[in-house]
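Engineer: Given next are the chains, with one letter for each unit.
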Amino acid sequence: MNNYPLIHCENIYKDYQLGQVSVHALQDINLSIDKGEYVAVLGASGSGKSTLMSILGCLDQPTGGHYFFDGVDVSRLNTKQLALIRNQKIGFIFQAFHLMPYATALDNVALPLIYRGMKLQERQARARIELERVGLADRMLHHPSELSGGQQQRVAIARALVTKPKLLLADEPTGNLDSASGKDIMAIFDACLKEGATIIVVTHDNQLAKRMQKTLRLQDGKLVR
Amino acid sequence: MELRYLLKEIFVDRLRVLLTLLAIAWGTFAISFMLAVGQGFLKSISGFMSQMGSHSMVISPGISSMSFQGNLAGTIISFTPKDIEALKHLAFVKNLSAEYSMQDQLKYSSKSTSLHISGVDENYLALHPVSLKTGRFINAHDIANRSDVIILGSEISKALFKNKNPVGQWVNLGPFALQVVGMAKASQNQFSLYEMPNNYLAWLPASLFNILYPGQAPKFLLLSIKGHGEKPAQKTVLAVLAQAKHLDPTDQALVKFSSNDAALKAVTGFFHGLEWFLGALGGITLLVASFGIANMMLLAIRRATPMIGLRMALGALPYQIARNYLIEGLLLSLVGGFVGFLFSLLVIKAANLILPNINLFGPVHLFLILSWPLALFIILILAVVGLCAGIFPALHAARIQPVEALRHE
Ligand SMILES: Nc1ncnc2c1ncn2[C@@H]1O[C@H](COP(=O)(O)OP(=O)(O)OP(=O)(O)O)[C@@H](O)[C@H]1O
Ligand SMILES: [Mg+2]
Numbered sequence: 001m002n003n004y005p006l007i008h009c010e011n012i013y014k015d016y017q018l019g020q021v022s023v024h025a026l027q028d029i030n031l032s033i034d035k036g037e038y039v040a041v042l043g044a045s046g047s048g049k050s051t052l053m054s055i056l057g058c059l060d061q062p063t064g065g066h067y068f069f070d071g072v073d074v075s076r077l078n079t080k081q082l083a084l085i086r087n088q089k090i091g092f093i094f095q096a097f098h099l100m101p102y103a104t105a106l107d108n109v110a111l112p113l114i115y116r117g118m119k120l121q122e123r124q125a126r127a128r129i130e131l132e133r134v135g136l137a138d139r140m141l142h143h144p145s146e147l148s149g150g151q152q153q154r155v156a157i158a159r160a161l162v163t164k165p166k167l168l169l170a171d172e173p174t175g176n177l178d179s180a181s182g183k184d185i186m187a188i189f190d191a192c193l194k195e196g197a198t199i200i201v202v203t204h205d206n207q208l209a210k211r212m213q214k215t216l217r218l219q220d221g222k223l224v225r
Numbered sequence: 226m227e228l229r230y231l232l233k234e235i236f237v238d239r240l241r242v243l244l245t246l247l248a249i250a251w252g253t254f255a256i257s258f259m260l261a262v263g264q265g266f267l268k269s270i271s272g273f274m275s276q277m278g279s280h281s282m283v284i285s286p287g288i289s290s291m292s293f294q295g296n297l298a299g300t301i302i303s304f305t306p307k308d309i310e311a312l313k314h315l316a317f318v319k320n321l322s323a324e325y326s327m328q329d330q331l332k333y334s335s336k337s338t339s340l341h342i343s344g345v346d347e348n349y350l351a352l353h354p355v356s357l358k359t360g361r362f363i364n365a366h367d368i369a370n371r372s373d374v375i376i377l378g379s380e381i382s383k384a385l386f387k388n389k390n391p392v393g394q395w396v397n398l399g400p401f402a403l404q405v406v407g408m409a410k411a412s413q414n415q416f417s418l419y420e421m422p423n424n425y426l427a428w429l430p431a432s433l434f435n436i437l438y439p440g441q442a443p444k445f446l447l448l449s450i451k452g453h454g455e456k457p458a459q460k461t462v463l464a465v466l467a468q469a470k471h472l473d474p475t476d477q478a479l480v481k482f483s484s485n486d487a488a489l490k491a492v493t494g495f496f497h498g499l500e501w502f503l504g505a506l507g508g509i510t511l512l513v514a515s516f517g518i519a520n521m522m523l524l525a526i527r528r529a530t531p532m533i534g535l536r537m538a539l540g541a542l543p544y545q546i547a548r549n550y551l552i553e554g555l556l557l558s559l560v561g562g563f564v565g566f567l568f569s570l571l572v573i574k575a576a577n578l579i580l581p582n583i584n585l586f587g588p589v590h591l592f593l594i595l596s597w598p599l600a601l602f603i604i605l606i607l608a609v610v611g612l613c614a615g616i617f618p619a620l621h622a623a624r625i626q627p628v629e630a631l632r633h634e
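Those protein sequences? They're chains A and B, same order as listed.
Under my numbering, the first sequence has 1 at position 1, and the numbering climbs by one with no breaks.
With positions in the second sequence counted from 1, the corresponding number in my numbering is that position plus 225.
No false leads were mixed into what you were given.
Calculated lysine-lysine pairs in the DSSO-like style (CA-CA distance at most 30 Å, straight line):
#1 B:K451 / B:K313
#2 B:K410 / B:K389
#3 B:K233 / A:K119
#4 A:K194 / A:K164
#5 A:K80 / B:K233
Just so you know, the hints here were simulated from the structure itself, not pulled from any lab data.
Small disclaimer: the values here were computed from a predicted structure and weren't measured.
Kindly generate the complete structure, drawing on both the sequences and the hints.
Structural biologist: The following block contains the structure:
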């Protein structure tokens, strides 16, 4: 095992320039997350949770500070290298699911593997395994519109897991779901955790956050203890 | 594979897709049909022109403009039987006929008309088409026997005989009586190389002409060439004649060449112009349609921005996204174009069934042609249109950031 943390942030800043005004979405963020940790990100609306996730997930670059992911200084990477890291090491789950409406559950799950240049057969084989894991073995050829919200989110989770990522990022994954479906999702996360994944979840639900080992609380772009 | 989903993203707006494809189809139809019209007319016209003796030329005598070997400038050229023999022996000369000409009065009972009498031989018809309405033209037998026969142009016949058939009647040329053996069709030929159109001529055997008008040299030499360019042929002819008369072979004034290739060029130029104009019209339609495709794709991209962000988040590279949209633009253009092209093929087929039955342009038979090079040219245009339509949306899509995936309504 390497001894550096999976995630290490040093004085991260993120400013958005809106004309003359600059919005300080993140200010002086310092944090470390080890492999295998289960972390909740809490905070009021507009506090910078999504912004933090976008930086941790290498979707965006910070405007200040350094972000080390898996021992690599992400701020030095170019577009291509970032895409590679996202594809190989990070899985995303969004509040809005973001499934392709025209594609079957199977094709949706297989999508990230296209960008690895993987053959169709293998893509589908892997997607099948993931869909079975999230309990959708009998829904593989359904389109998103034929699935319930909870089922759609499980498809999205299968898509995030199909690349066997080191880090799983979920931005309010249960925000659009009822509590029963939310529990299903959390159960899947628990299972992933047992297999050694690192998971960071943005949530408004304090009850949920209590299940997690670590809580990051954001307020006006700053971490508060 | 991914392209399938992109196309579906676009097809959300079915009506817009349909209209855009229709515009492409229409533009393609316009280009294809109009080019076919241009090409077909060009072919029709040049086919007609070659009927009247393409690659034939008419040589008329001139006056030397330079002194040469003791012969002063101002020597009047006249064609001799020796010249004609010499020219006949040139390898590239396919056919040669001398035409004698004289202005005279032709009489029938109390009527008379002034006209140009042409003395020609049996080769003349191959070089200068005269379609006969009734009777026959001069043959080798007439030449050998100096038969006292004459063939009338349509206007001459009208002046002397009104609408009666003149064949078999005897007409008077000065003191001589000649029997009419043929009458020419009225010709609408606009491209005559002669000062006088066919309609105002009458033809009689050259051997007879030489007796009626002794001492006349041929007014024109008509000659057709094979396997040789027109310019080098003219140069050689000039050299042969100059040598026979001890004149400067570089003296362009010795003889005058007129060829219907020159007339053909003018007509061809006109139809090329027409082609360009019509082609440009279709081109503009396609350009507008290409904007339509681009606009449609941009709208689809705007709708799909979170999905494109998602693809980026999942590891798609900007160029992979861009490539898909480029292919999509190309596909839309080619599909629309294919429909338009097929439609134009149908219309061209139909037009070619109908056109022979309408006689719009007299003897010129119109038909439309869509050749393979034309079809390839159209495909090329469509490809360019598709790429032009796709490139802007593609670049736009490639600039979408992966963070867009995080945003939600
Ligand atoms: N692209 C952007 N341009 C300008 N400002 C932005 C942009 N993205 C986020 N912000 C601003 O940054 C701040 C943090 O936004 P962020 O989306 O991270 O909040 P959040 O904690 O995720 O909120 P929510 O719980 O509502 O999702 C907000 O003030 C927001 O307006
Ligand atoms: Mg948010």
